Amino acid sequence: MIEITELYKYYGERKAVGPLSFSIAEGEIVGLLGLNGAGKTTTLRILACDLLPSSGSVRVDGRDVVDEPHEVRQRIGYLPDRPPLYDEMTVHDYLVFAARLRGIGAKEASSRASEAEELTQLTGVKDDPIQTLSHGYKQRAGIAQAIVHRPRLLVLDEPISGLDPVQIVEMRNLLRSLKERHTILLSSHILSEISETCDRILVIQDGRIAASGTEGELSKRLTGSTIDVIVKPVTEKGGDVLVEATMRAVMGVTGVERLEDESEGAAWSYRGSGVPGVWSYRVTADEDVRSSLIHALVHASVPVLEVKRSARELETVFLELSTTKVKASAGRSGSARASKEKA
Amino acid sequence: MKSALLLARRELSSYLSSFLGFIVLGAVLLAEGIYFNAVDLGGAPRLSSEVLKSFFYTVSGGTMMLALVLAMRPIAGERENGTLVLLNTAPIRDTEIVAGKFLAALSLLALHLVLTVHMPLLIAVNGKITLGQVLVGYLGVLLLGASALAIGLFGSALAKNQVIAVVIGAVILAPFVFLWAVARVTDPPLNAFLSAAAIHHERQRAFEIGVLKLENVVYYVGVTYFFLLAATKTLEARRWR
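Order-wise, the sequence lines are chains A and B. Just so we're aligned: the first sequence equals residues 1 to 343 in our numbering. Just so we're aligned: the second sequence equals residues 1 to 241 in our numbering.
It cannot be assumed that every hint is accurate.
[Unchecked claim] Now the in silico label distances, taken between C-beta atoms and shown as ranges:
{"no.": "1", "chain 1": "B", "residue 1": "VAL182", "chain 2": "A", "residue 2": "GLU108", "range": "52 to 60 Å"}
{"no.": "2", "chain 1": "A", "residue 1": "LYS15", "chain 2": "B", "residue 2": "ALA206", "range": "51 to 59 Å"}
{"no.": "3", "chain 1": "A", "residue 1": "GLY124", "chain 2": "B", "residue 2": "GLY26", "range": "35 to 43 Å"}
{"no.": "4", "chain 1": "B", "residue 1": "SER18", "chain 2": "A", "residue 2": "LYS308", "range": "53 to 61 Å"}
[Unchecked claim] Pairs of lysine-lysine residues, derived as DSSO-like cross-links and limited to a Cα-Cα distance of at most 30 Å, are as follows:
{"no.": "5", "chain 1": "A", "residue 1": "LYS15", "chain 2": "A", "residue 2": "LYS107"}
{"no.": "6", "chain 1": "B", "residue 1": "LYS2", "chain 2": "A", "residue 2": "LYS126"}
{"no.": "7", "chain 1": "A", "residue 1": "LYS232", "chain 2": "A", "residue 2": "LYS308"}
{"no.": "8", "chain 1": "A", "residue 1": "LYS107", "chain 2": "B", "residue 2": "LYS128"}
{"no.": "9", "chain 1": "B", "residue 1": "LYS160", "chain 2": "A", "residue 2": "LYS138"}
{"no.": "10", "chain 1": "B", "residue 1": "LYS128", "chain 2": "A", "residue 2": "LYS15"}
{"no.": "11", "chain 1": "A", "residue 1": "LYS138", "chain 2": "A", "residue 2": "LYS126"}
{"no.": "12", "chain 1": "B", "residue 1": "LYS128", "chain 2": "B", "residue 2": "LYS2"}
{"no.": "13", "chain 1": "B", "residue 1": "LYS2", "chain 2": "A", "residue 2": "LYS138"}
{"no.": "14", "chain 1": "A", "residue 1": "LYS15", "chain 2": "B", "residue 2": "LYS213"}
{"no.": "15", "chain 1": "A", "residue 1": "LYS126", "chain 2": "A", "residue 2": "LYS107"}
In short, the hints are calculated from the structure, not lab data. Everything numeric in this text was worked out from a predicted model, so none of it was measured. Where a beta carbon is used, it is the ideal one built from N, C-alpha and C, also for glycine.
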């Protein structure tokens, strides 16, 4: 659906994007994740034919954005970071206008507008002037104008930003429902949103893809496996040494760290639960060694309460990816491979 | 062209749905009315055709100012509000965007001229004027307005916001207006060139007395076309930036 090869974009002397290459298959929902200034918006604007690339090739559904911009625009629904809304118009009139701009006849435009209102749950406010809508509704109106001409590809620039928690959940559901009809590329710096909504994440840094994959893949590649272990205190003398040694002896374990701070790891959930002063450990390993850990601990008669994969926040992964140059460049070759396989 | 008309219709309804549009229109009409009463009708008795000529001179000034104000919003205002991207990413040509904006603002300029029609009627009631002078005079003002509008739209295409747009428009238009004065103090053959390039005064004189000259029409159409083209090219060029 999208094929970007060696894309560069310069603003004067300053490079905003490049070299950027990735591809997205039909029906995928892909998140473009990056810090401000990483080149997300520029990339999306080029896809939407709002900007022209400095060099490289960008194709949507086989059409080049420079040679056939009209064909590309017919196939794309674009929501910029600020929804392009005419405040004085009503929602319905605005959507009809947006549909007609994309060459849909007057009669058909009205029914398409109603369809988009239904999908984005705007039917209740369709006759309200846009300026009276809340931020969440405005964002939905922005998405409605992007889908009103039934494009095959949706390009959404930070659709979640500025929404309250309830609106975020609604927007997430909306995006999931849109997935059935459209291929979606969305950008964000809200990481949890990306991981929950997208099939795949492209981490963009300095205008290049720093890494690509699912949240799990990204996390694993960077960090191996981290496991949180909680045990009841072993009261015998030398109990703590026994527990640590038992875990260290398990094949694949590379490190065991006792977490003293109760707010770290999983121990916080035991506070006030009647289990006095649990011992909490963070185990790092080359692979997932949970079953071997449990086996070893039980065998050594250690009262195990919990063994689980550490819920490493994507935020951490993301920060490591976008701030550590060495790791980023290592990931880059991997991402190129990943996107080729995908293509 | 269908897209241009669609844009023009939206633009017009947006002008008319805001109080600001009416306030600006009302203010220009009021200023013209006062000037007409105080200066054009006042003073020593004159021939009706002379009064009508002064009327057109008065209205031409108001029209140029109105054109600059009307032109500031269409492109720069949309850029400021973030709605220009909707047009930029729709399958329509930049020519159609500029044409749509131009047509909408030109319709309002024409509406403004229609609303001044009571002034020539007043002259007709108290004296004798020909329909030809009225029609040709109005045509001249409309052509002048179209040129000023095109200049303003070019400023609007260049500018980041509406204030800068109107300033750029005024900075380009003002020399065109005052070239005739420069021409008066310049030696030949330069003065001939300067007065031929001037947009107001000498260029309007023939229209004001009811004489339709092809060269004058060609001049205004040429200026309008040139600046509309420049506005279109500016929109195109901005995609490279």
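Hint check results:
no.	hint	result
1	B:VAL182 x A:GLU108: 52 to 60 Å	56 Å, holds
2	A:LYS15 x B:ALA206: 51 to 59 Å	56 Å, holds
3	A:GLY124 x B:GLY26: 35 to 43 Å	37 Å, holds
4	B:SER18 x A:LYS308: 53 to 61 Å	60 Å, holds
5	A:LYS15 x A:LYS107	45 Å, violated
6	B:LYS2 x A:LYS126	25 Å, holds
7	A:LYS232 x A:LYS308	15 Å, holds
8	A:LYS107 x B:LYS128	52 Å, violated
9	B:LYS160 x A:LYS138	24 Å, holds
10	B:LYS128 x A:LYS15	70 Å, violated
11	A:LYS138 x A:LYS126	12 Å, holds
12	B:LYS128 x B:LYS2	44 Å, violated
13	B:LYS2 x A:LYS138	28 Å, holds
14	A:LYS15 x B:LYS213	54 Å, violated
15	A:LYS126 x A:LYS107	17 Å, holds
Going through the hint list in order, the structure does not satisfy hints 5, 8, 10, 12, 14.
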